[in-house]
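Work out the full structure, taking the sequences as your base and the hints as a guide.
Chains D and X, in that order, give the protein sequences. Going left to right, the first sequence walks through residues 536 to 647 as our numbering numbers them. Going left to right, the second sequence walks through residues 901 to 1188 as our numbering numbers them.
A few of these clues could be false.
Computed beta-carbon distance windows for the label pairs [what the hints assert, rightly or not]: (1) D/Asp556 x X/Tyr968: 32 to 40 Å; (2) X/Ser1051 x D/Thr554: 17 to 25 Å; (3) X/Ala1151 x D/Gly632: 19 to 27 Å; (4) X/Asp1127 x D/Leu631: 27 to 35 Å; (5) X/Thr1123 x D/Gln568: 32 to 40 Å; (6) D/Val629 x X/Leu1084: 56 to 64 Å; (7) D/Leu618 x X/Ser1051: 45 to 53 Å; (8) D/Thr554 x X/Asp1182: 23 to 31 Å; (9) D/Glu637 x X/Glu1108: 48 to 56 Å; (10) X/Val1187 x D/Asn598: 27 to 35 Å; (11) D/Leu618 x X/Gly1121: 45 to 53 Å.
To give an idea of the chain X side of the interface with chain D (calculated C-beta under 8 Å), a few residues [said to hold, decoys possible]: (12) Pro1130; (13) Val1136; (14) Thr1139; (15) Gln1161; (16) Thr1162.
Hints listed in this document are in silico derivations from the structure and should not be mistaken for laboratory results. Keep in mind it's a predicted model, so treat the numbers as computed, not measured. Don't be surprised by glycine CBs; every beta carbon is placed ideally from N, CA and C.
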Amino acid sequence: MPQTTHYILDPLDNWIRETLDEMQVLYHRPSGQTHVLIEPVPQIIDAMLQGAETPDEVMTALNAQYDLQSEEDEPEAENEDDLTRLTARLDEMVALGFVRREVREQGNKDAL
Amino acid sequence: MRYECRIHVGPAIFRIGSDWAQPIEQLEALYQSYPDCDDAIADFTVRLEAQRFYRRWFRPSVRLSGDYMLPDASPLPLAQGLLAAEMAMNLQMALGWRRHLLLHASAVERDGKVLLMTGESGSGKSTLSALLAEHGWRFLGDEFALVDLDSGDIHGFPRAISLKNSAIDAARDFVGDDARFGPLLTDTPKGAIRHLQPPETAIAAMGEAAPPALLLYPSFGYTRATDPVPPTENFVRLTQASTNYVALGEAGFSALVNLVQTVPAHAIDFETTDEALELVEDLWASVV
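This is the structure in C-alpha cells:
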C-alpha cells in the first residue's frame, strides 16, 4: 500500500516564536535551544499551524498564501524541484527537534 | 584563609580569601568607597592560594579557586594578585549568577535611561564607559550589565574599571584624580592593566536600576562611522555576549527578545575620545 510522509509540528506549549525583523527566533522548551528562522521556515510553520502535514499540503498552502508560481505553465520538473527543496527544509526542522516525521499508509489516518 | 575581605558590587557580595596580605590590601584600597559588608552572607567565595605551600615564599604564584573554577586556568605571579582577584570575581559572576541575564557589556545611565556598550575585549567599551562617567553619566559597570528578568531594567555591577594598555594613559588624561587609580600591573596575559575606582556618586547609587534606551557596539581605532544593527543580528550577538543565556533557558530568551525589540542598536567606529563623545551624544539625542 502506498505511503505518505507526514510532518507534525510540536504542540504549541512546547515553543515560543517571536518576530524580530524579517527573521524570527524560536525557543524550543523541551530542548532548551534557540533557533533563528529565516524564509521560508516561518511561512512553513504558519502553513503547518493551519493543518498542513505532508509536503504536498504545505506546498499547496504556501502557493495559496504567497503565489509562488507566477506562470501557470511552469514545467512540472520545476514543481518537483520546489517540492524537493521544501521536503529538505521539513527534514531540517525534524533534525532541530520541533517537528516529527510520521510515515502513514495512504487512506489510513493511523501512523505506522 | 589567612587574609580575607568582603566586597559588595551591585547586587553581589564576594568573600575573598588569600594566602598573602598584599592582594587583600590592594583590594581594600581599591574598594574603600564601596558599602561595608563584613557581616553579610557572601554570594560567592574566591580564594587566592599558593600553588604549593612553599610557593607562598619561593617565587610566589597565585592559583585561582572559588565556588566556580576553570580547571586549566594558569596561575599568576603574586605581583598580579589584584588582577587574579578581579578575574576570579568575574568568573564567579560569569559562571554562577542566575538572578539576571548577564551581558558582557559596559553601562552608563543619564536621564533615568541606560546606555549599554558591548563588544570584544579591546573594542573600547571599558574606556568609553570610564570616559562617559567623567562627563555627566552615572557609571553602572565596565564588564557586566545585569538585565532584570521581569522588568528588563539594567542593574549595575560597578566594580573597579579595568583599563588596559593604551587606555591607561588615555584615562589619566580625562580622570584628574591620580588617587583613584590602582597599582600598574605589567606583563599580565592582557598586557599592562591598571584599575580605576568609579566616581563615588556611582558607587553610592549602584543599587538603582534603570531601563535601557540604547545599545552600542563601539570599535576604537576606525574611521568615524555609525551603522544600525538589525534586531536579529543584535539578538545573535547578544546571546554570544551573555555568559548565562543558555543556563537561564526561557527566562533568558524572553528577556533578550524584549531587549532587542525595545532598544535600538548601533555600531560606532571612532578614532578619538572626542569623536566617541559626539557619536554617543548624537545617538542618545535620537532615542531620549
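Outcome of the hint check:
The hinted range of 32 to 40 Å is satisfied by D/Asp556 and X/Tyr968, whose Cβ atoms lie roughly 36 Å apart. Roughly 22 Å separates the CB atoms of X/Ser1051 and D/Thr554, a value that falls within the hinted 17 to 25 Å. Distance hint check: the CB atoms of X/Ala1151 and D/Gly632 are about 20 Å apart, consistent with the given range 19 to 27 Å. In this structure, X/Asp1127 and D/Leu631 meet the distance hint of 27 to 35 Å, their C-beta atoms being roughly 31 Å apart.
X/Thr1123 and D/Gln568 have their C-beta atoms about 39 Å apart, which keeps the hinted 32 to 40 Å range intact. At about 57 Å, the CB distance of D/Val629 to X/Leu1084 agrees with the hint of 56 to 64 Å. Roughly 48 Å separates the CB atoms of D/Leu618 and X/Ser1051, a value that falls within the hinted 45 to 53 Å. Checked against the hint of 23 to 31 Å, the pair D/Thr554 and X/Asp1182 passes, with Cβ atoms roughly 29 Å apart.
Remark: the range hint 48 to 56 Å for D/Glu637 to X/Glu1108 is upheld by a beta-carbon distance near 55 Å. Under the hint 27 to 35 Å, the C-beta atoms of X/Val1187 and D/Asn598, about 42 Å apart, miss the expected range. One distance hint, 45 to 53 Å for the beta-carbon pair D/Leu618 and X/Gly1121, holds here, with the actual separation near 51 Å. Interface hint at X/Pro1130: satisfied, since its Cβ lies 5 Å from the closest Cβ of chain D, which is below the 8 Å cut-off.
For X/Val1136, the shortest C-beta to C-beta distance to chain D is roughly 6 Å, which falls under 8 Å, so the interface hint holds. Residue-level restraint check for X/Thr1139 holds (minimum Cβ-Cβ distance to chain D is 7 Å; threshold 8 Å). Annotation: interface hint on X/Gln1161 holds; nearest CB of chain D at approximately 7 Å, less than 8 Å. A hinted interface residue such as X/Thr1162 counts as satisfied when its beta carbon comes closer than 8 Å to some beta carbon of chain D; here the least separation is about 11 Å, so the hint is violated.
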